[in-house]
Amino acid sequence: MKSDVKLFENGKRLDKRKIDELRKIKIEVGVLHRAEGSCYLEWGGNKVICAVYGPREAIPRHTQNPLKAIINAKYNMAAFSVEDRKRPGPDRRSREISKVISEAIEKVVLTEKFPRASIDVNIEILEAEAGTRCAGLTAAGVALADAGIPMKDIPVACAAGKIEDQIVLDLGKEEDNYGNADLPIAISPRTNEILLLQMDGHLTVKEFDKALDLAIKGCHDVSKIQQKALIEKYSKKMEA
Amino acid sequence: MSEEKREVVIPSQLLGKTKDKKAGKGTFVENGNIYAETIGVLNINSNQINVTALKGIYDPVKGDFVIGIVDEPMSSSWLVDINAPYPALLHVNEVPWDVEFNETEKYLNKGDCIMAKVLQVDLEKKLNITLKDRNLYKIKNGHLIEISPSKVPRIIGKKGSMISIIKKYTKCRIFVGQNGRIWVDGDKEGVEKVIDTIKIIDKESLSYGLTNKIEKMLKEVQ
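Taken in sequence, the protein lines are chains A and B.
For what it's worth, the working numbering labels the leading residue of the first sequence as 1, then goes sequentially.
For what it's worth, the working numbering labels the leading residue of the second sequence as 241, then goes sequentially.
Just so you know, the hints here were simulated from the structure itself, not pulled from any lab data.
Incorrect hints may have been included.
What the hints assert, rightly or not - Under the rule of at most 25 Å between Cα atoms (straight-line distance), these lysine-lysine pairs were calculated in the DSS-like manner:
(1) A:Lys107 with B:Lys443
(2) B:Lys265 with A:Lys236
(3) B:Lys398 with B:Lys443
(4) A:Lys107 with B:Lys357
(5) A:Lys237 with B:Lys391
(6) A:Lys233 with B:Lys428
(7) A:Lys152 with B:Lys295
(8) A:Lys113 with B:Lys357
(9) B:Lys456 with B:Lys428
(10) B:Lys380 with B:Lys439
(11) A:Lys68 with A:Lys26
(12) A:Lys86 with A:Lys74
(13) B:Lys428 with B:Lys459
To be verified - Label-pair distances were calculated between CB atoms; the ranges are:
(14) B:Asn333 with A:Thr63: 43 to 53 Å
(15) A:His220 with B:Asn271: 18 to 28 Å
(16) B:Glu312 with A:Val82: 42 to 52 Å
(17) B:Lys398 with A:His220: 38 to 48 Å
Backbone N, C-alpha and C fix where the C-beta goes; we use that ideal spot for every residue, glycine too.
Chain B with its partners taken away, still in its complex shape (with noise of 0.2 Å):
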């Protein structure tokens, strides 16, 4: 993690003018300027302005892999929540089983959780869901965390930087939704100190040099 200086923002405030950076995520323009759209932390690099969101809901995008508990079985599809504003569809064509019309609770019911893909999202926000995809299933058994959806960059961290380590140190297989919602499966005593430091990455997620931090804390347990 490099020491430079970050900046939080607010909504409103100005951050540049069209003519010299292209606006990013998590701004607007107005007259050729820039303003950030929500709280967050400024990120400039050399031809874009971002703000990184503090907070939020989860904003499906296609292609997301999530983290879902189904709410209803209907007669040839699934209602699943996705932690989103607004419910996932789960056809039957998008499971890898054969389901008979009137069949689907035999496969998924009320309250399993399952990792899925999201495979489509239109105009007015319709979602719809796959478990056609690598290493998508029903889950059977581990443990569920649920964190703020704004946070689930820094658990994985650089490019996978911060979830590695974890797994490392740890031994335990960890599935993390883009919905922030985690599935972690291992022996107890892993399983514990997972829930533990992603706890703290929930905690410190703002500050500095936070993957050599967690790093040499997961060493020291060990």
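Excised from the complex, chain A in its bound form (with noise of 0.2 Å):
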């Protein structure tokens, strides 16, 4: 399908960015006091903040662990965050996405530690530009670890797709409307082991395989702006 968008200009993308060019990201760590854990995030025009609160006693009752603490992320994107009104409340995307940041979360908690408990995430999109999934799970893992919660590895997710015949790195809004695929994935840095993997459009094996290692080093790009965001609040407040 040809669009009449054109997304390339003189071997550069409609932002000036380069094919394998990440937006620009801003982490500010524990910005709510209320939240046991919190973070702000900017990334290109996505604004989200995230808050951690627990482990706390999971209720309802029945939908404790005796062995393990179960992980209640909620994604909400905000009536005002995209252009036209979004109507307010759960709906079927964002129960998708609580879904399987709650799964890729776990992954990397270690939930044994307590048992019969849950820990929440609420996720709140107040600006959308693309990829507000992968924002928002970078946020909730640099949130979960203000929190001071035991984990193995702090995740992060960034997308990859195909605009125009060519993999780009981390689609932007209009790359996203009018490009062929998008392919949004989370990872644990550490270990490089995949914790969220969904995909939008078509892609060949070559070409899928080619988006997987491009985003996979974009988290990892991404990976250390996290880091270096929860150091530098925690040396800051040692200094004080």
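Please dock the two separately framed chains into a single complex, following the hints provided.
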């Protein structure tokens, strides 16, 4: 399918990025006082806030697992986060994202340390511009670490995709809307284990492999920003 | 306090190998490597690598002294909030009084404060606490301060150095629960001084030479 929107100009993308260049990312740790851990993240035009509560006793009781903690991630888009008003409340899409993010986090948190408890992760999208699930999961990873929850790794997510027959990293809004494919993944950067992988559109096996490698590389770059934000915040506290 | 360098570590950071050192608190082992599991301060001694957590909830351990607030009296026991993820059970057999069946409310009611000891923590983290130990009783007066449980060791100091300084200069009775609740009793000025001091320790819990600084500060106020 060819669209009339041109996504490349003189070998550069619409926002002047190279094909393997990320959007600008800014991470702030510990922005909320009530939450055990929190994070504010800006990823290009995405603005995400994430709060972590717990571990606390899981309610209702029948959801408790006597051997480990359950992870309750909740992804929510604000009504004003997109151009047209988004109807508030959970819908099919946000329930799906909540589920995949919960499962990704469950893989890295040492849940067996808190039997019968729940760890609640609230992800709020304040402004959306393609790739909010990656931004949300990245913010959740930082907020979990800030909450002091024991975990094996800080999860990180990034997307790759195909636009005008080229594999590119971290799709922007137009690229996502008019491109051919979108491949968001989340990994555990220490082991390169894949925690989340979804795909929208069509890719050949060769293209898929290329996109996956590119997305993993992107994840490692984002991971460095996460780590830097965390260490900076706590080192500053130590000097004060 | 020695002026050793303190390093902040984040989860998944590589700290060492199991063949050189033992993996201590706040760490986990994978493929012979030791990694940090929480955000904290690195603490390496001659044979062990520890990570002192900077944040996190209270994880009850058998034998801890804690301050609890009664949540719910039941027919032969009480449910007590001890700041852990789970409520703790205090059975009538574990209190120093003779309690008749269905008369638990006469002795402890919702909102009452007690000093207690963690009697048992089982695999499912079901908690039992007791009042049958030295100096454990129902709290009737004084002030209760809450701080982050990970900062309790700083309030106590090395071998109780910090807490004894505070006690010395303010002439207050202080009980520090491992769950981050602190009980203070004494004259009004003394209590105010203790609260201010604890707030400072809470805020500057990571700075160097804090014990000396606090001692100097308390001396000046006098």
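So, going through the hints one by one against the coordinates:
1. Using a Cα cut-off of 25 Å, the hinted pair Lys107 of chain A and Lys443 of chain B is violated, with the two alpha carbons roughly 34 Å apart.
2. Only pairs whose Cα atoms come within 25 Å are accepted, and Lys265 of chain B paired with Lys236 of chain A is accepted, the gap being roughly 24 Å.
3. For the proposed pair Lys398 of chain B and Lys443 of chain B, the alpha carbon gap of about 18 Å is at most 25 Å, so the pair holds.
4. A hinted pair counts as satisfied when its Cα atoms are at most 25 Å apart, and Lys107 of chain A with Lys357 of chain B does not qualify at roughly 35 Å.
5. Among the hinted pairs, Lys237 of chain A with Lys391 of chain B is consistent with the structure: their alpha-carbon atoms are about 14 Å apart, no more than 25 Å.
6. Taking the CA atoms of Lys233 of chain A and Lys428 of chain B, the gap is near 37 Å; set against the 25 Å cutoff, the hint is violated.
7. Pair hint Lys152 of chain A plus Lys295 of chain B holds up; C-alpha atoms about 16 Å apart against a cutoff of 25 Å.
8. Annotation: proposed proximity of Lys113 of chain A to Lys357 of chain B holds, straight-line Cα distance about 21 Å (limit 25 Å).
9. Annotation: proposed proximity of Lys456 of chain B to Lys428 of chain B holds, straight-line Cα distance about 21 Å (limit 25 Å).
10. Between Lys380 of chain B and Lys439 of chain B the alpha-carbon distance is near 24 Å, which keeps this suggested pair within the 25 Å criterion.
11. At most 25 Å may separate the alpha-carbon atoms for a hinted pair to count; Lys68 of chain A and Lys26 of chain A exceed this at roughly 33 Å.
12. Pair hint Lys86 of chain A plus Lys74 of chain A holds up; C-alpha atoms about 17 Å apart against a cutoff of 25 Å.
13. Proximity of Lys428 of chain B to Lys459 of chain B is assessed by CA-CA distance (about 18 Å); at most 25 Å being required, the pair is judged to hold.
14. In this structure the supplied range 43 to 53 Å is violated for Asn333 of chain B paired with Thr63 of chain A, their Cβ-Cβ distance being about 32 Å.
15. Between His220 of chain A and Asn271 of chain B the C-beta distance comes to about 20 Å, which sits within the given range of 18 to 28 Å.
16. At about 46 Å, the CB distance of Glu312 of chain B to Val82 of chain A agrees with the hint of 42 to 52 Å.
17. With their beta carbons about 40 Å apart, Lys398 of chain B and His220 of chain A fall inside the hinted range of 38 to 48 Å.
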